[in-house]
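Kindly generate the complete structure, drawing on both the sequences and the hints.
Residue numbers (numbering that gives the first Met the number 0), protein chains in the order written: chain A, 0 to 259; chain B, 0 to 334; chain C, 0 to 293.
Quick caveat, the hints were computed from the structure, so don't treat them as lab data. C-beta: ideal position from N, C-alpha, C; glycine also. It cannot be assumed that every hint is accurate.
Pairs of lysine to aspartate or glutamate residues, derived as EDC-like cross-links and limited to a Cα-Cα distance of at most 16 Å, are as follows [as the list claims (entries may be wrong)]:
#: 1; chain 1: B; residue 1: K327; chain 2: A; residue 2: D93
#: 2; chain 1: B; residue 1: K324; chain 2: A; residue 2: E125
#: 3; chain 1: B; residue 1: K328; chain 2: A; residue 2: E135
#: 4; chain 1: A; residue 1: K172; chain 2: A; residue 2: D28
#: 5; chain 1: B; residue 1: K315; chain 2: A; residue 2: D93
#: 6; chain 1: B; residue 1: K328; chain 2: A; residue 2: D93
Cβ pair distances, simulated, as ranges [stated by the list, open to error]:
#: 7; chain 1: C; residue 1: A263; chain 2: B; residue 2: A285; range: 28 to 38 Å
#: 8; chain 1: B; residue 1: W20; chain 2: C; residue 2: S262; range: 48 to 58 Å
#: 9; chain 1: B; residue 1: E331; chain 2: A; residue 2: P154; range: 26 to 36 Å
#: 10; chain 1: A; residue 1: R121; chain 2: B; residue 2: E331; range: 29 to 39 Å
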Amino acid sequence: MSEHYLQVNTITKQFSGLVAVDAVSFHVDKGEIVSIIGPNGAGKTTVFNMLTGVYQVDTGEIIFEGKPIHNLQPQDIVEAGLSRTFQNIRLFGDMRVIENVLVGTHIKTKYGFFDSLFRTPRFRREEAELTLKAVEILRSIGLDSYIHNYAESMPYGAQRKLEIARAIATDAKILLLDEPAAGMNPQETEELMDFIRSLRDKGYTILLIEHDMRLVMNISDRIYVIDHGKRIAHGLPSEIQGDQRVIEAYLGGAKTNAED
Amino acid sequence: MRKDFIYIVENFLSRYKLIAWAVVCAGMLAVPLFGFSPFIMRMFIMIGIFAILALGLNLLTGYCGQVSLGHAGFFAIGAYTYALMKINLDAPFLLAMVVAMVISAGCGFLLGLPTLRLSGNYLTIVTLGFGEIVRMVIINWRSLTRGPLGIGGIPAPELFGTTFTLTNHGFYYAMLVMLALTGLTCYAIVNSRTGRAFKAIKQDPIAATMMGIRTTRFKVLAFVLSALIAGAAGAFYAPIIGFIDHNTFNFDISVLILTIVIVGGMGTMRGMFLGAIIIIAFPEVARFLMTYRFVVYGLLLIVMMRFRPQGLLGWKSRLPYNIPKAAKKQLEAGA
Amino acid sequence: MVVFIQQFINGLAIGMAYSLIAVGFSLVFGILRLVNFAHGAVYAFGAQFALVIFVGMQISIALAILLAMVAAGLLGVIIDKTALEPLRKKKSMPIANLITTIGISHILVNLMTIYFGSQTRGFPALFSFGMIEVAGVRVDSNQLMLCLVALILMGVLTIVVQKSKIGLAIRATEQNTKAASLMGINVNFVISFVFFLAGASAAIAGGLIASHYRIVFPAMGFDAGLKAFSAAVLGGIGSLPGSIIGGLIVGVSESMAANFLGSAYRDSVAFVILILVLIIRPTGLFGKKAIMKV
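As structure tokens, then:
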């Protein structure tokens with residue numbers, strides 16, 4: 000059954016009795032853009048945290064390229080090819096933009112400690128290659144004018160992009176984007192959509208959590224909907240838009256809010 | 000980048016980099032020619048030793064973000080190892096030095112292991128406890144360390160048949176060589192994959208983990224490196240002061256080293272030199288304050304933390320990122 | 000066996016005093032996430048001040064300790080207001096706070112050395128109505144009263160924190176400073192109050208310990224501070240019962256070590272226990288575990 004690129008089978012996570020994610024299953028095929036949506040507190044980020052090894056899964060399994068990756072160390076998951084961004088930006092603010100990307104290349108750097116100590120030819124060659132690679136990534140995402148800046152001094156939208164650039168630098172096969180459009184204006188969101196599509200065209204597989212429905216409906220191949228930790232719907236964007244349960248999950252929340 | 004005063008200075012220095020370094024090196028090499036009193040020469044040497052200690056602690060605290068309040072422990076281990084190897088085994092200088100570094104680094108490894116589970120304040124407390132435990136071991140392991148009596152008459156280092164002393168300026172030049180080696184080592188580490196990993200861990204350990212950095216491994220490495228450097232400094236310090244006991248390496252020394260790092264500017268190398276000069280020279284320069292000088296020292300710390308917590312030289316460089324030459328060439332060719 | 004029980008009791012007495020110092024660490028850490036390195040100096044100040052006014056004003060030592068309690072409490076508040084509050088307003092890095100408290104400690108210890116003298120001075124016994132002897136185990140009145148006074152004070156502190164209105168404010172601030180402030184709690188007052196409590200209980204501990212050993216000296220706060228801090232961490236920093244248990248464990252184990260391993264080991268036991276506890280159970284015996292947020 001695990002012919003899918005990424006296969007998630009009935010993963011569950013509890014926090015001291017509270018079931019944050021309840022037997023959620025989904026899959027992602029190679030080259031797809033898949034979105035997970037749901038109201039606030041539905042458990043989306045918890046799913047991401049289990050995928051990337053921040054949390055252990057209580058039950059269930061996560062299979063990537065035929066190998067189980069659940070409950071591995073986060074670093075092993077990155078090496079397997081899953082890399083993520085964060086909902087609340089977590090850049091290395093005091094480091095330069097290019098250094099942030101170079102940190103992303105960390106696991107792909109082969110020279111050893113003593114190479115750097117004695118500045119061996121191997122060290123010089125690899126550092127030059129990494130730098131070129133980092134510049135290339137920054138160019139592709141439109142951040143080349145910021146290369147020398149410190150990450151914290153960039154505008155918000157650029158910071159979001161840098162998070163993606165950093166994730167790409169790990170040579171990820173699947174990019175997990177946690178609300179990439181949060182806080183962006185419509186123009187920026189538009190650019191982001193194009194960029195995400197271009198990533199897919201370059202061979203990346205993308206799994207994203209997003210609130211911006213326009214973005215989700217426009218770029219997703221498939222959508223999963225989670226509410227109260229449970230998967231309540233799954234389908235093509237057009238199917239999800241008309242799904243009664245989804246509308247209830249969102250509007251139901253809105254209704255209670257209105258009554259408050 | 001802002002084009003302010005710091006930019007002008009940095010730009011000037013980077014343009015005349017070679018000349019600037021030549022002036023600094025020549026100046027430092029020429030110091031003994033000015034005929035300073037042994038007292039002043041000794042102070043220069045102390046500044047050098049504490050700059051070495053600060054460079055080492057800076058790797059751990061300034062770059063990797065792990066605050067150590069037990070660095071005097073490594074300093075002590077280096078000093079005692081050197082003294083005992085010299086006195087009991089009559090070991091040659093370099094051997095005693097290397098063994099001191101290895102033992103100190105081994106202890107650094109052990110102290111680094113708790114980083115697997117601890118961080119922040121809790122880790123700082125463990126380092127503090129470590130520093131105190133080293134002192135307790137020195138007091139209690141009498142058969143080895145002579146306990147509270149201390150060790151006196153520590154033989155001076157020798158190399159190629161020459162014995163280093165204060166008067167033949169052997170101590171001074173040995174200090175310069177050690178300082179240069181430490182500086183180059185730290186520079187090489189900071190400007191590499193390891194240094195980037197350290198900085199990433201300091202700023203956001205979780206994000207660093209999610210970039211595939213084995214944070215525990217690098218934190219332990221930072222502990223080992225800075226312990227190794229402190230051990231070397233200790234081995235060099237022991238013969239210069241000639242007598243060591245458990246009080247030579249107390250909590251105040253740990254605080255002193257950390258203070259140098261902070262006053263100079265955490266996460267910069269330039270700051271370590273200025274920090275060492277200010278903090279080590281302060282008690283001598285401030286003699287006119289008499290008994291009040293340590294009160295003033297405390298006040299300085301507080302004022303510093305309030306108004307310039309990043310340290311005196313703790314600015315972020317205004318110069319462009321230093322792209323490797325080979326890459327630069329290709330980028331220019333491409334553009 | 001008699002020796003064992005005797006050492007146990009000696010340890011309990013001194014341990015109770017440690018827990019009084021530990022409470023100060025614990026309360027301040029609970030609210031500010033700050034290891035207050037000046038706390039040991041405040042403790043030493045309490046003991047020194049009591050002695051100075053005892054000698055200078057010719058009052059009873061008990062009254063002198065009460066006055067010292069107020070003075071040390073105020074000292075704590077002044078430290079916070081002048082040095083720490085400005086840092087909070089600037090949202091400084093944790094290390095800036097840490098270094099600031101070390102700086103304060105430097106200032107206090109050196110000022111005490113200047114004004115009270117660096118030498119060790121005798122301290123009067125607080126209570127002296129002989130000793131009780133049961134089956135060869137002797138408990139002198141000072142030890143007994145030390146335990147009793149410390150126990151009563153810990154009881155009072157627990158009631159203040161658990162039952163009173165200000166206690167509720169303290170606990171709310173510990174949980175979430177921002178939310179507490181939005182709910183109308185005067186967070187700055189709460190913090191000042193906590194510093195007062197910490198200083199006052201440290202001064203009492205200072206008086207009790209000084210009258211137990213019959214000596215005071217300016218640097219006395221260093222070792223006691225570190226041990227009390229170990230006790231606070233051991234019990235689970237931020238927890239009052241934790242401070243008591245931690246203090247007792249440190250007190251008893253150092254008294255055992257001094258007797259059975261040799262007096263030189265007295266001071267190292269606390270650290271060994273501390274490090275072991277931190278590695279095995281970083282949150283201490285009574286601490287709560289936090290969930291990592293991403």
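Which numbered hints are broken by the structure, listed smallest first?
Violated: hints 1, 6 and 10.
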